[in-house]
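Using the sequences and the hints, build the whole thing.
Listed in order, the protein sequences are those of chains U and C.
Residue numbers 70 to 533, in the numbering used here, belong to the letters of the first sequence in order.
Residue numbers 802 to 1259, in the numbering used here, belong to the letters of the second sequence in order.
Keep in mind that the hints were calculated from the coordinates and are not lab data.
Hints are supplied without guarantee of correctness; some may be wrong.
[Said to hold, decoys possible] Sample of chain U residues with no beta-carbon within 12 Å of chain C, all distances over it, derived:
hint : residue
1    : LEU115
2    : PHE220
3    : LEU233
4    : ASP306
5    : ALA378
6    : LYS421
[To be verified] Quick list of the computed label-pair ranges, beta carbon to beta carbon:
hint : chain 1 : residue 1 : chain 2 : residue 2 : range
7    : C       : GLY989    : U       : PRO411    : 57 to 67 Å
8    : U       : ILE274    : C       : TYR1201   : 53 to 63 Å
9    : C       : ASP1194   : U       : PRO411    : 45 to 55 Å
10   : U       : ILE494    : C       : PHE959    : 47 to 57 Å
11   : C       : GLN889    : U       : GLY216    : 21 to 31 Å
12   : U       : ILE123    : C       : VAL1259   : 35 to 45 Å
13   : U       : GLY216    : C       : ASN1139   : 28 to 38 Å
14   : U       : GLY116    : C       : ASP1194   : 48 to 58 Å
15   : U       : LEU207    : C       : GLY884    : 46 to 56 Å
16   : U       : LEU179    : C       : TYR1201   : 23 to 33 Å
17   : C       : GLU890    : U       : VAL234    : 39 to 49 Å
18   : C       : GLY884    : U       : ALA215    : 28 to 38 Å
C-beta atoms are modelled at their ideal positions from N, C-alpha and C, and glycine is treated no differently.
In case you want the letters, here they are:
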Amino acid sequence: MIKAFFIIAITLLFLDFTGTVHTYLGWCAKIQLVPAILAANIAVFLGIILITLIFGRIYCLIICPLGILQDIISIKKRFFYRPPRKPLIVLRYALLAAFIPSLFFAFAPLAVLLDPYSAYGRIASQLLGPVYKWANNLFAYFAESAGSYAFYSVDVWLKGIAPLVLAIVTLIAVGISAWKSGRGYCNTICPAGAFLGLLSKFSVIKPRIDKEKCKHCGMCAKNCKAACIDTTRAEIDYLRCITCLKCTKSCPLGAIKYAPPTGADKLSKEGLARRKLLVGTTLLASGFATRAAANQFDGGLAKLEDKKAPVRTKPIAPPGADSYQNFHDRCTSCQLCITVCPNQVLRPGITKAHVSYERGYCRPECVKCSQVCPTGAIHPITTADKSSIQIGTAVWNKELCIITKDKVACDLCARKCPTAAIEMIPFPMIDPYRCIGCGACEHLCPARPYSAIHVEGVETHRVI
Amino acid sequence: MEEISNSMDRRDFIKLVGAGAALAALSGCGTQEKSSAKQLEVPTDKMTYRIDPKNGNKVSLLGYGCMRWPRISRAQKESLTEGSDLDQEAVNKLVDYAIAHGVNFFDTSPRYCKGFSESSTGIALSRHPRDKYFISTKMSNQGNPSREESLNIYKRSFENLRVDYMDYYLVHNVGNHKNFKERYIDNGILDFMMKEREAGRIRSLGWSFHGDGEFFDYLMSEYQWDFVLIQLNYLDWSNVVESNRTSVSARHQYEVLAEKNIPAMIMEPLLGGRLAMPHYKARTMMAQTDPNASAASWAFRFAGSLPNVLTVLSGMTFVEHLQDNIRTYSPLAPLTENESAMLNQVAQIVLAPENRNINCTTCQYCMPCPYGLDIPEIFTHFNRSLNEGNFPDNKQDADYRRARRAFLVGQDRKISPIRQANRCTGCQICRKNCPQNINIPQEMQRIDKFTETLKIDV
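This is how it looks when you write it as C-alpha cells:
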C-alpha cells in the first residue's frame, strides 16, 4: 500500500506539467535521501537514519522509487536465484566511496547516474512523460471539440537525445537485474543502499533467524529479494537486507521473526556501536550545513525558422540557484524541474539540467522549479524575489538585429522587458543593473534562427 | 486557488463527455420532429434576383465572395507556409451547391487566398456552362503598379478563371487620389480597361472602395462606371467607425449610387463574420425578435432590403453558412420598420465603447506579416472573447477565473505561440494594407498588454 502510494505519487510528480500535483505531493521528492543530503535537509536526513537504525532499510523498501520499480518488475517472479557467498562487496563500497566525495564537491556525472531517485526521475519523465502528455493532448482535442477549456494542449518534444538514451539504458539495466535477482541494484550499485546497509547492520528491529528452529530448508533464501540469507549457517547479511520480510512469511517453521534483540549482551554491544555511528553522522550533517550557505498576395503565414541556441560564454542557472556553481554541484538531474517548467526554459543535458530560451522565457509569474527542487540546486523563491534576482545579462548583436538587417522599426525587446532594462536609442541600450536575464528579449526577438539579443549567465546571482 | 478549480474542471469535463455520449445514444432512438426539418429546408428555386439596369443581367441577390475558400485542415496549415492550402474538393462542392440553389454571381481577385482563389474558383466554375454564372474579378496591383505587371495580372485572370470575357471587372481597393493615380492613371491601366470594355472582354467596369468621402464623390463624377462595390452593413450604415479612414457612411455611398442609378454591390455585409456572432446582448435582442433567425440572416436582410443593391457578397467557407444565406434570400423578406428599428438598437449595443470590437474583417490583406504574426486570428480571438462574454477584464467578477482560463487557453489553441500579439515588432509594414485602416501595431500592443496582465495573475 505505502509502496504503491510512493511510486504513484513520485511518478505523478514527474508527469504532471501543471504543478497541481506538486502542491500536495511535493514532499515525496523532498524526503528522498540523496536530494535531502544535497539540500542539507538535516531533518529528513536524520529521520531516515533514525528509521533505519530502528526498523532497518524501510527507506529502500517503500520510499525509494527505483527500489519500488524493481519490485514491480519482479512482482510475478516466484523465486530468485541464490547468490554466490561473496557478493560484489568490493564494487559496492568502491562505488559508495566514489559517490561520497561527489556530494561535497561538484555532483559528478557518475553520481548523477548512481543516485536512485534521479535515475527513476529520468525514466519517468523521459519515457512516461511523453505518453502522459499525448494522452493529455488527446483529451485536449476532445475538450476543444466540446468547447471545454478544462484541458489544454502541450508540446511534446525531444528535449535531447542523450537523456532519452540514458533513461532507456537505465531502465533496461535495472529491469534485467530486477528480474534476475530482485534488489540487485540496491545491493550492488546503489550508494544510498550501501550507506543505509551499513546502518541497518545495527538496526534495533530486524528479521532474526531462530537457529534452533531452522531446518535449513532454503525457502527464505529463495524468496529473498535482496539475496542476503545464508541458509546453511542460518544467518542474514544485514548489509544487504532491505527488511521486505518475505522470509518471515515464507518460513514454513516460523523460525524467522522481525523483532528486537533478546540477549542483554548483544544490546550493549550494538548500542555502543550505534552511538559511535551517530556521532559520525552528526559530523557529516554539519559538513552539509556549511555547504548550504553557499506582396504580392493576401493571406498565408510567413515561414518562421526555429530558434537556435546562441553560444553562451557563461551558462545560465535558474533563479533561486544562487550561482551556477551551486546549481551544477547539487543538481542530480532528476528532471523534476524540467517537468514542471511551463515555459520550456529548463531542459536536460547529458548529466545536468540547463537553461535556454529558444522555446520560451523565464516568465515573471513562475517560480515552479524553485518550489520542486528536492536537492537545493534551486532554492525556493517568491515571484517578488525573482523580479530582482539577476541570473544573467542581455547582450545585443548589431548584425543580427532586424533594425540593421531588414531596415525596419522594432522595439520589441524594449517593450517586452519586464524590468524596463532596455531603452531604444534607437537600437537597444541595455542597463546591466536592471537586466535580470529572464530571456524575454532573447525569446521574443524577431531575428531567426539566432536572436539578435541574448542572455549571458552571471557566475553568482545577485539581487538588484 | 486555481490548481483546485482546474482539477474540478477536469472532473466536470469528464462527466460532461460521459453524459453527452449517453444522451447521444438515447436521442438516436427517438423520433425526429418533422416540423424542425422543414424549417431547415434549403429551397432550390426561390432565390431573389435583381436585374442589372446596365445590361439586363439577372443576378442572384446572394453573391459568392471567393476570398474565404475552405482551407485544408488546420493541423497542416502551419507547415504550408508556401503554396496553395485550399481544399479544392470542398470548393467544388460549395460551388455546385450554390449554383444548384440559384446563386449565379462569383467574385474573386488575383490577391485572394495567397493568390490561389482565382485558379481554384476557375476550376470549380469551369465544370458548369459559362452562361450559368457571372464572374467578377479585379485589377489588384498593390505589390508592383507598373504597366507591365498590371497587364500580366489582367492576362493571368483570364487563364486562371478559364474564360474569354469578364462579366464584371473592378479597380481593386481604391480610396485616395495618390494611390489611385499611382496604380491606375500614371501607368495608363484605367485607359486600357476602358478600351477592353469597348472591346467586350470586360462587360461591366467598376471599382471597390475603401477610402475618403471626398475621393468617392470625385470618382463618381469623373468617370463612367457600370457598378460600384461598397462596404455596407447595419453598423457602417450611418456610423463612421473611428479607426476607419472612410470618413463617409455607407448610407452616403449607397444614396449617391441610387441617385445615379448605378447598381451597388455589397461587401462585408457581415464584417468578416463579426455580425454573425455579435455581442451576446445584441444576439439576445435578435433572438427575442425572432428566435429562429440567425444573427447573420439579420445582416443579410438589412443589405438585401435596399432596392438598388445588385448582389450581396458573402465569403462562405462552410456549407452551413451557404445554406443559411440561401434560406435568407429564398426569397428575401424585406425588413419591416420595427425590425429596422431593432437593428438600429443592435448597432448601438455593438458600437458601445465597452463592447467595441477591433474593426477587423479578417480579409487577410495584411498577411503574411513578415515576422510571422497571425494578425486576423489574433483579432478574431479578441473580438470573439469579448462578444461571447469570455472577457476577463474585471477581477471582481465572479466569473473572472473561468474567463481568464478560457481566454488564455483559447488563444493558445487558435494561434501558435510564436504567432501571437507579443511578437509584434511594431514595424508598421501591415498598416498600409489594411482597408479598415486599423492601427494594427497599436492594437497588437493593447492585446499583448491585456494577455500579459492575465498571465501574470496566476
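To see whether the hints hold, each was checked on the structure:
1. LEU115: Fine: 32 Å to the nearest Cβ keeps U:LEU115 off the interface.
2. PHE220: violated (7 Å)
3. LEU233: The assertion about U:LEU233 holds, with a minimum of 24 Å to chain C.
4. ASP306: holds (46 Å)
5. ALA378: holds (16 Å)
6. LYS421: holds (27 Å)
7. C:GLY989 / U:PRO411: 57 to 67 Å: Hint holds: Cβ distance 59 Å, inside 57 to 67 Å.
8. U:ILE274 / C:TYR1201: 53 to 63 Å: holds (55 Å)
9. C:ASP1194 / U:PRO411: 45 to 55 Å: violated (24 Å)
10. U:ILE494 / C:PHE959: 47 to 57 Å: holds (53 Å)
11. C:GLN889 / U:GLY216: 21 to 31 Å: Cβ of C:GLN889 to Cβ of U:GLY216: about 30 Å, so the range 21 to 31 Å holds.
12. U:ILE123 / C:VAL1259: 35 to 45 Å: holds (43 Å)
13. U:GLY216 / C:ASN1139: 28 to 38 Å: holds (34 Å)
14. U:GLY116 / C:ASP1194: 48 to 58 Å: holds (50 Å)
15. U:LEU207 / C:GLY884: 46 to 56 Å: Roughly 30 Å apart at Cβ, these two residues miss the hinted range, so it is violated.
16. U:LEU179 / C:TYR1201: 23 to 33 Å: violated (51 Å)
17. C:GLU890 / U:VAL234: 39 to 49 Å: holds (44 Å)
18. C:GLY884 / U:ALA215: 28 to 38 Å: holds (33 Å)
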